[in-house]
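Colleague: Sequence:
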Amino acid sequence: MTRAFPLQSLLDLSQLRLDEAGRKLGELIAGEQEASQRHDLLVQYREEYRARFVAAAQAGLSPGEWQNYAGFLGKLDEAIKQADSARTHTKQRTVAGQQEWVAKRGRVKAFDTLSDRHQSRVAYQDQRQEQKASDEHAARRHEEKGED
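In terms of my numbering, the sequence shown opens at residue 1 and continues consecutively.
Watch out, some of these pointers could steer you wrong.
As the list claims (entries may be wrong) - The calculated lysine to any residue pairs, modelled on SDA-like cross-linking and capped at a C-alpha distance of 25 Å, are:
no., residue 1, residue 2
1, Lys75, Glu47
2, Lys24, Lys132
3, Lys81, Arg46
4, Lys91, Ser36
5, Lys81, Glu34
6, Lys24, Lys75
7, Lys132, Glu47
8, Lys24, Val108
No lab work stands behind these hints, which were simulated from the structure alone. Values in this document were obtained by computation on a predicted structure and should not be read as measured data.
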């Protein structure tokens, strides 16, 4: 006869919250990777554009072309700064998500431990009851044999 774990609903709820935190953490990690890729692409594009600028400058540029190249490089630099800031922000959010997941996992582990202890205690009590019943049955049979 197994008795239900009295905190089973809390264990189930904490497991659901852990699953949700895991899903959220996965999204945060994906967002961090996307922000990092966006930053890396901008840096790569800036290097390619700078190389074109240098090549064009060596071939000779008009003042307007020079200004266009320099202006666009400035805009790329600003975009890289923004992408770097976004990458840092997403990294911070991912770290916070990891900490939240670890805390929720600890809560689930605590409830699991309590559940395991409860099941062990119930099994021990059931075993003692069965042993007591068996002992009583054996004692009755012994008494019955003695009466014969």
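Colleague: Does each hint fit the structure? Answer for all of them.
Modeller: For each hint, the structure was consulted:
Note on Lys75 and Glu47: the hinted pairing holds, with a Cα-Cα distance of about 13 Å set against a maximum of 25 Å. Restraint check for Lys24 and Lys132: the C-alpha separation of about 52 Å exceeds 25 Å, so the hint is violated. Among the hinted pairs, Lys81 with Arg46 is consistent with the structure: their alpha-carbon atoms are about 12 Å apart, no more than 25 Å. Taken as a hint, the Lys91 and Ser36 pair is honoured in the structure, with Cα atoms around 9 Å apart against an allowance of 25 Å.
Of the supplied pair hints, the one linking Lys81 and Glu34 holds, its CA atoms being roughly 16 Å apart against a limit of 25 Å. Restraint check for Lys24 and Lys75: the C-alpha separation of about 33 Å exceeds 25 Å, so the hint is violated. Annotation: proposed proximity of Lys132 to Glu47 is violated, straight-line Cα distance about 83 Å (limit 25 Å). Pair hint Lys24 plus Val108 holds up; C-alpha atoms about 17 Å apart against a cutoff of 25 Å.
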